[in-house]
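Dock chain H against the given chain S, drawing on the hints supplied.
What follows is the residue order along each chain.
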Amino acid sequence: MGGQPVLHTVTLGSDGGGLHLVPCSRLVKLANGFACNVSIRKGSVHADGKNILDLMILAAGPGEQLELVTSGDGAEEAMAKLVQLFESNFAE
Amino acid sequence: MLVKRGIAVSPGVAIGAAWIFGAERLRVRHYTTKSAIDTDIARFRAALDAVCVEIEGNQKIANQQLGEQYGAIFGAHLLMARSPQLTDEIERLIREKINTPEYACKQVLERYAEVFRNLGNQYHAERAHDINDLQSRLLRYLLGKQRQELGDLSKPVIVLARNLTPSETASLKREFVLGFATEEGGPTSHTAILAGALELPAVVGIGDFLSEIENGDKVIIDGNRGEVIINPVESVLAEYLESQQKFRTNYAALEIERTAEPITADGERIQMLGNIEFPGETEHCLERGADGIGLYRTEFLYLGATKEPSEEDHYNAYCEVIHSLGDREVVIRTLDLGADKVPSVGVHHPASANPALGLRSIRLSLQYLEGFKIQLRAILRAAKHAQSGRVKIMFPMISSLYEFRQAKMVVRDVMDDLDEAGVPFQREVPVGMMVEVPSAAILAEEFAAEVDFFSIGTNDLIQYTLAVDRGDPAVSSHYRTGDPAILRLISMVVKAAENHKIPVTVCGQMSSDPKFLPLLIGLGIRRISVTPHAIPELKAVLRQLNIPQCKDIATHAEWLGLSRVIDNYLQGELRKICPQLGR
Chain S
1043 MGGQPVLHTV
1053 TLGSDGGGLH
1063 LVPCSRLVKL
1073 ANGFACNVSI
1083 RKGSVHADGK
1093 NILDLMILAA
1103 GPGEQLELVT
1113 SGDGAEEAMA
1123 KLVQLFESNF
1133 AE
Chain H
1432 MLVKRGIAVS
1442 PGVAIGAAWI
1452 FGAERLRVRH
1462 YTTKSAIDTD
1472 IARFRAALDA
1482 VCVEIEGNQK
1492 IANQQLGEQY
1502 GAIFGAHLLM
1512 ARSPQLTDEI
1522 ERLIREKINT
1532 PEYACKQVLE
1542 RYAEVFRNLG
1552 NQYHAERAHD
1562 INDLQSRLLR
1572 YLLGKQRQEL
1582 GDLSKPVIVL
1592 ARNLTPSETA
1602 SLKREFVLGF
1612 ATEEGGPTSH
1622 TAILAGALEL
1632 PAVVGIGDFL
1642 SEIENGDKVI
1652 IDGNRGEVII
1662 NPVESVLAEY
1672 LESQQKFRTN
1682 YAALEIERTA
1692 EPITADGERI
1702 QMLGNIEFPG
1712 ETEHCLERGA
1722 DGIGLYRTEF
1732 LYLGATKEPS
1742 EEDHYNAYCE
1752 VIHSLGDREV
1762 VIRTLDLGAD
1772 KVPSVGVHHP
1782 ASANPALGLR
1792 SIRLSLQYLE
1802 GFKIQLRAIL
1812 RAAKHAQSGR
1822 VKIMFPMISS
1832 LYEFRQAKMV
1842 VRDVMDDLDE
1852 AGVPFQREVP
1862 VGMMVEVPSA
1872 AILAEEFAAE
1882 VDFFSIGTND
1892 LIQYTLAVDR
1902 GDPAVSSHYR
1912 TGDPAILRLI
1922 SMVVKAAENH
1932 KIPVTVCGQM
1942 SSDPKFLPLL
1952 IGLGIRRISV
1962 TPHAIPELKA
1972 VLRQLNIPQC
1982 KDIATHAEWL
1992 GLSRVIDNYL
2002 QGELRKICPQ
2012 LGR
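Here the protein sequences line up with chains S and H, keeping their order. This note's numbering numbers the first residue of the first sequence as 1043 and each following residue consecutively. This note's numbering numbers the first residue of the second sequence as 1432 and each following residue consecutively.
Chain S on its own, in the form it takes in the complex (with noise of 0.2 Å):
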């Protein structure tokens, strides 16, 4: 493991559908591109970051928050791209 992990909390934006299928994918997509471990916590749930199933179960909607944490290789950087792809609405 490649020290500590990064910690971020993100707000899904209130126009947005929420974390929905075509965002929870491209998630996907984005998190199985690092080696770290990837994780999203809405309150007492977590989710694998890479398991899509996992994300839709999240039922994160519009306006709610998320605490995302990576950790082992590579988690400074894909946290910065995790937060990016939240701040642009999970635009491509």
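To be clear, the hints were calculated from the coordinates, so they are not data collected in a lab. Treat the hints with caution; some may be incorrect.
With a cut-off of at most 20 Å between alpha-carbon atoms, the simulated EDC-like pairs for lysine to aspartate or glutamate come out as follows [stated by the list, open to error]: (1) Lys1084(S) - Asp1115(S); (2) Lys1491(H) - Asp1480(H); (3) Lys1491(H) - Asp1469(H); (4) Lys1491(H) - Glu1545(H); (5) Lys1071(S) - Glu1487(H); (6) Lys1071(S) - Glu1499(H); (7) Lys1804(H) - Glu1876(H); (8) Lys1435(H) - Glu1614(H); (9) Lys1071(S) - Asp1480(H).
Chain H alone, transformed into the frame defined by chain S:
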């Protein structure tokens, strides 16, 4: 020998070998053997790979034809299929529980679908469909050759199924399908209507029976009595072979009616029109001497299609009908489907809990004007090829005056657009409505002042008036065509039409049943629109009737006041009028 009773929906007798469709849904084995575990896991992985290739293919097509935002949906499906968690869970069931891959896939995916359904929001509940879709794709590959498609039939068989969707029914090849029987379905389901259109003997609503039959068993479908006979004994078989012969002869005798005019014994000319779903059926109507098409159900352009029909698809279908008809009339009914059946719209509107009362028919057209305008443009353009007034537009399921005015305004808008674009079209197009919601019958006077014609759709009018789901076997006995409430509503509509001098037609299965013919004529109906194969028989009955006698029958039926009594009375009257039809 085993005799099963169902609902007769399309007459005739078919004798042949059983062919069970869609049986894999019922026959997934639960357990495999220890020694087969490795092969089963390999089988599962191969099926998964094949499914992924299929999804990738769909993604490519969607990207090209619909745009990347649609392709992205398949991209997400691919990720689901490739989700390691899913693969692990399925393989664990095969390894540890010694489940078959088919059963393991079902178990795991159904659990996910259930989780999605219970997340408490509409969007995720709908994603359960995506999971189900993945499941059925996997099963199709796993079951491989065991599953046969309706399109694969190569020799004549009797198709037996739990249910057939309208698009499956429409894809039945007439040369290989002798008849069919289903466990589910009611007398006025679309499947039943299509069976009539295809002129195949059919029985529906039999209840569980597929488990008692094997592929290849000898089966008799008796579409006259609503019976399915499995492995008949010699004497019964002989009897049926004889009656099959007789049915053909009888039918040939009725064919003589083809050229006869539909006129009562005392000289009243009745307009006898045909109901069609496909342009090709126009010929079926004309062969039997129909005066035209009283109901062209256009929704069959939509069913089974993955994308919506284009303006040209509509236009070509309408032109085909118009050309076959010569100078006869055709009433084109605009889209009469629920939102869930229309590809581009269904995405936003999942099937409602109460589809009969939901977003459908004219409501759907008025909400999704784009598709409605495409259909209207095509009708108006095609009508240019007919004499003025011969092509008519009819709106289904009108329930308020406001709705009719709105729909008619859209017709005017479309005419303005066509004018502006310099596209040739027909201006003289009568615009009418279906009377199939009780509110429309109750306000018939008000409607009659604004519409060019009425057409009473008895199937829905009965369903909505008596609050009976005609497809639900548990209550279908409450669906009574001869109910006095229905007779009262019909006579209200007829009076309103007479007062405003507009034509009124009865379409729907009531008018195809010969025992209701004297009653309808007695109530003042002079136009009926029926399934084409009923025309010769109805003409034969009509020629025995006279108007005063029909009026008496109608008055007496109204006086009887109980649907069951009315039914028996009408049956008895028919027997008196036409002894050979008194079944």
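Comparing the hints with the structure gives:
1. At roughly 24 Å between alpha-carbon atoms, Lys1084(S) and Asp1115(S) are farther apart than 20 Å, so this suggested pair is violated.
2. For the suggested pair Lys1491(H) and Asp1480(H), the alpha carbons sit about 17 Å apart, so the restraint of at most 20 Å is met.
3. Among the hinted pairs, Lys1491(H) with Asp1469(H) is inconsistent with the structure: their alpha-carbon atoms are about 33 Å apart, more than 20 Å.
4. Between the alpha carbons of Lys1491(H) and Glu1545(H) the distance comes to roughly 30 Å, so the proposed pair goes past 20 Å and is violated.
5. With a C-alpha separation of about 15 Å, the suggested pair Lys1071(S) and Glu1487(H) falls inside the 20 Å cut-off, and the hint holds.
6. Note on Lys1071(S) and Glu1499(H): the hinted pairing holds, with a Cα-Cα distance of about 16 Å set against a maximum of 20 Å.
7. Using a Cα cut-off of 20 Å, the hinted pair Lys1804(H) and Glu1876(H) is violated, with the two alpha carbons roughly 29 Å apart.
8. A threshold of 20 Å between alpha carbons decides the hint, and for Lys1435(H) with Glu1614(H) the separation of about 10 Å falls inside it, so the pair holds.
9. Simply put, Lys1071(S) and Asp1480(H) have alpha-carbon atoms about 19 Å apart, close enough for the 20 Å limit, and the pair holds.
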